[in-house]
Each structure stands twice: as C-alpha cells, then as structure tokens.
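Trainee: This is what each chain is made of:
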Amino acid sequence: MKIVVHELTKTFREKTALENISLEVSPGSIFGLVGPNGAGKTTLIKIIMGLLLPTRGFVSIDGRLVHQDHRLKARIGYLADYQRYYPGFKVEDMFRLYRESYETWSPERFQELCRVFDLPENAKVKNLSKGMRTQLAIILNLAFRPALLVLDEPTAGLDPVLRRQFLTILMDEVAENGTTVFISTHNLHELERICDHLAILHQGRLLGLESLEDLKQKVRKIQAAFANPLPAGVLQRDGILNVEQSGRVYSITVQDGLDELTAELRTFKPLFLDLADISLEEIFIHRMGGEGYAIKQILAP
Amino acid sequence: MPLNKYWPHKTLLWKDWKISWSIFVPFFLFVTYATTFSLLFAITDYIASGWPGFIGPWPGFLHFENRLVSEPWVGIPLLLFTIALATVSLGQERDRETLGLLLAMPYSRQDILFSKVAVGLVQILITLAANALLMTLIVWANAGIPFPFGTPDIWGWALRSFLVLTFIFCFTVLIATVSGTAWGSGILAMIFLFFPAGLYLLLETNFNFWISWHYPWFYAHSYWMWRNIFSDIALLATVPAWIMDFSMFGKYNPVYLYGALVVLSAGAYALARFLFTKNPLENNGEVLVFERLEGIFKLGVVVCFALLGGPLLTALAGIHNPGPLVLSLCYLLAGCVTWFLTNHLLKWRRST
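Protein chains in written order, with numbering that gives the first Met the number 0: chain A, 0 to 300; chain B, 0 to 351.
Certain hints may be false.
Unchecked claim - Using 20 Å as the maximum straight-line C-alpha spacing, the simulated PhoX-like pairs for lysine-lysine come out as follows:
id, chain 1, residue 1, chain 2, residue 2
1, B, Lys9, A, Lys89
2, A, Lys14, B, Lys9
3, A, Lys89, B, Lys17
4, A, Lys217, A, Lys268
5, A, Lys125, B, Lys17
6, B, Lys17, A, Lys123
7, A, Lys129, A, Lys89
Keep in mind that the hints were calculated from the coordinates and are not lab data.
Take the sequences, apply the hints, and build the full model.
Mentor: Here it is in structure tokens:
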C-alpha cells in the first residue's frame, strides 16, 4: 500500500503539532520515523490512521482517505504508542474481537505468532504488563496479515530477545507478503537494521527524508594519520560534518565532496588513509547534533 | 442494500454486551427487586395477615408509576441506571481510550453507535419483559388474591416504562456524542433531561417575586391560566417525570404522548448518529465538540445561576420580601460569580 502525506499541518488550538509535512511511502517498503518526544510522531501516525483530522493537507493510502473509508482499515494493522484494551476482557476475548473483525485473519499465522509470544489466554488484559500488552497487540495486528502496518514505538516494553524476534518477524512479513511498514521509534539502532527510508521529525517539522542506502553512501568517515599536522583551512570546507583529532590521527565525517577531499588529503602523504563505515547514530549526531536539535532524545540506549 | 444497514455487527454487539455487563446486572437486579420481589413480598404479607380484603402496600399496582410518586428511591435509580447504561457504552470508551482502538478497526462510526444503542435497548427490554413475565406468572399462580390490577396492566407498565427509558437512553447517547467523559455525559444528560421542569420552576419562583410587588396580578385569572399551561408544558417536556408523576395522563391522551415519545427517541438517535459521524471530538482531541457553541452554553449557565442566585441569596440574607433593587443586585452578583467561575473552570480544564 502506498502512503502519501501531502502538505500536512495539524494544530491543536494555538499549538502547531505538525507543519507542512510531505512524504511518500512506497508499497512494500519499511519507512522509519524518528524524532524526540513531542516531535509530532504520534500525531502524524494518528492522522495516517484516520484517528485525527488534519488542519490542512491530507493523507491518502492507495489514493483513498482513510478516515472516510473504514473498509480500508481492514487491511491496516496499527500498534498504538500505548496499548489500550477493554479492562474486563481476557486475552482470548481480544483474540475473538480481532478474529471476527478481520476477514483476512489467518489461524496459521496466529498460531505461529502465539508460539513466539507466549501469552496466557485466560489472563485479563488489565493484568498484563506493558511488554505483554505490546506482544498481544503484535499478535492481533499481524495475524490478519495486513497490507500496511503502522507502528508507533512498537518495541517499547519488549525485552531485547523479543525485540529482536519482533523485528525479524516484521522483515519476514515484508519479504513474504509485501507488507508496507510505517514505523515510529526513538531507537535508531532498530531502524538501521530494517528501514529502507527514514524521516526525522523535530518540533512538528520534517528535518530530513532519505533512503537509508543513499544516506550511508553519502555520509562516510575518513580515518587518516599524518606525519605533520594538516595546514589550517584544509578541513574547513562545505560538506565536512565533523572533524575529530587525536594526536596525528584525524577522523573526518564527510557528507559531500568525498572524492575531492580524499584526493587532497593524499597530497599530504598520509601514513594511512581509510574509508570507514559510519553508523546511523553517528550520521545523525554529526548532521544535527551541532544544530541544537535534541538528538540525544532520538538515540535510545 | 447491505444487511448491516439494518442489523448491528454481531462482533460489536458481543463486545458492547460484554462491556456494559457491569451496569446491566445491577440495573436488572434493581428493577427485579422493585417490581417482582415487591410483589412477592406483598403476597407473603397478605397471606401472613390472614387474607384481608385488599393487598398492599401500594395505593394500587394498577399504575406502577403511581408507586414511584411516593417512592422516589425507585424512580430516581431507574433513571440513573438508564443514563449509566448509555454513558458507559460511549463515554467509557473515550475515558479508557478504547474508542481509538475501535476506530482503527474496520468499523464505521455508524456501526459503532448502532451496536451500542441496540445493546442498551435490548438490555432495557430484557429487564422489563422478564419482570413483566415473572409478575404475570406470579399473578396467575395466585388467582385467589384480589389484585387491584391484571395481566394487561403489568404489560402496559412494561411497555410504558420501555418507551420512557428508551427516550432517556437515546437522549443520553445524543448528549454523549457531543460531550467528553462518561461522568460529563451523565451529568449533562441529567441537567438537560430535567431542564424544562427546572427552568420552569426557576422562572416561576422569580416571576412570583416580581408580581408580588403588583399584587392584583397575583389574583388575576389569566395569570393562573398561563401558569397552568406553562406548568403542564414543563412537566410534559420533562420525560423522566413520566415515570414519577402519573397525574398528567388524566389530562392528556397517553397514546399521543407515548407516540410523541417514540418519534422523539428516534429523532434523538438519528441526531446522535449524525453528530457522532460528523463531529470531530476524537479527531481533534477536544473535550467539548462545538467550540462555537461554547459562548451560548456559558451564557445559559450564567442566566440560570443568576436566576437561582437571586432568590437564594435573598433567602440566605434573611430578606423575605426583597425589593426590585436588592433582587437585581443579587442577580448581578450571582451572574458575575458564575461567569468568573465558568471561565476559570474551562481554562483549568484545558490546561490539564
């Protein structure tokens, strides 16, 4: 399913939660949304799900407006930031509610998921921990084999083993069924493993929107050592995001002009010069950390 | 035309039945206690007192409503339970934020509301019909006792009560579609359900003050004629009073009255359905829906409290016959205080 967010603005009285957001999510891709608390991630997700109406602009899924089309929701799985269930319901009641609500509910898939996430069917949902509630939501929303999964902080409360299992399941879902995934998280490490595209939201505005592959190709790190210090001015040029120096060793993060810079550095006869991979976390720290953005909030431990 | 246009979705019915169970059970038990058990107690007492000439304790079970006049502990809870049934079904979904879960599922807003109303009305129907059936069996089983009513009266009571409670239920659902929490909806429904009688009493009390300074009016025939007309209108418009005060049916044809009630119930449901579909309550994360009506609501509250404050403040000050100046000052004071409090309350509510 293709998601189109077009010039979207959402205000709550005087507060602007989202400002002029435009993005597209291709069918069968995994799209990551990162941003600190209060950036507007949940608001954007609720608008995509048709739970909130935009003040301006629109969101369409496969060319249809979801808030006007409840049949479209039959193909969309949604994990909210906090799982709310009917307190008097047991886990088995929730299974029944979803099983009877979604025509595409797959008993086989349900059994597979139940083997991964072992939940007590007789337990009341109000007695479940946050992690167990999330596991229940994962089972409920994956068992009907959705064409689109909208996930708001889906791994919150999961232990590292379950978190890894969930991400694997998610990637299998995309590979086997071509499911489109729109995922919001604090955790860049997770997104690095699974995402095709990434958007950064900060104070309601979109700061960046790129393919992960392009981003990693574009931003590289040069590690080099020189017998003598480099002359001043060599590393003061556009495209250099960060320079760290430890003795005679330089660590230079470059966004644009990698080839030119490498060629120039070679003229200073480096003792060694290597191109190193850079993590998503480092890219974001260098690209935005210096601009006063709350980058530390994006980086989960 | 798809069948679900006329029939609620069975999964939603099951879900709504399950979440309203906690109110339905006490509602059922209460009505059973107030009707079937009361009848059984009366029969036991009758037999224990050696089969006297008449069976009590009611002035006559012929009109169940008559009993409620003298025993408000029956009528008021019946009303409160019905309001609770309606508010729990919709308001509680908002309070617990499960409405978001439901709206993310493949159901339209009409489906959601339809199921809630259907479950509520079925619960009221089951309660009244089961008790009517039990009472019928009890009456048949005790043929020797001179009951002051017959089987048709019992079923007539069940039907009348169903129609009145249906209106109260639909009206409360209507309020719940435009209000925030379950408590808020319940309180607003109570206010608006009793608004006609309350406003009439408020106006009459204040009017009496003003005309008492021109006492010849007080004895004028036209004054009493209009007073009776307005009093009847206020009483008829206060539907909960229908199960507490049966006297009005001596004057008006019950067929027309109950016919009007059926139309009003259907209208309340249709309006609730329209508003629930159109209003952006959940969509905008707001507590009150129609922001543009806020001023009108505030003005209404201020006027009502000014009218209440006038007589209340003079009574508290021990002034039995306040002049126009004193009364006007009391209106002004009560109105200003209410305006100030309402504004601050709304500001506080929004900030939290």
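Trainee: Hint by hint, which ones does this structure get wrong, listed from lowest number up?
Mentor: 2, 4
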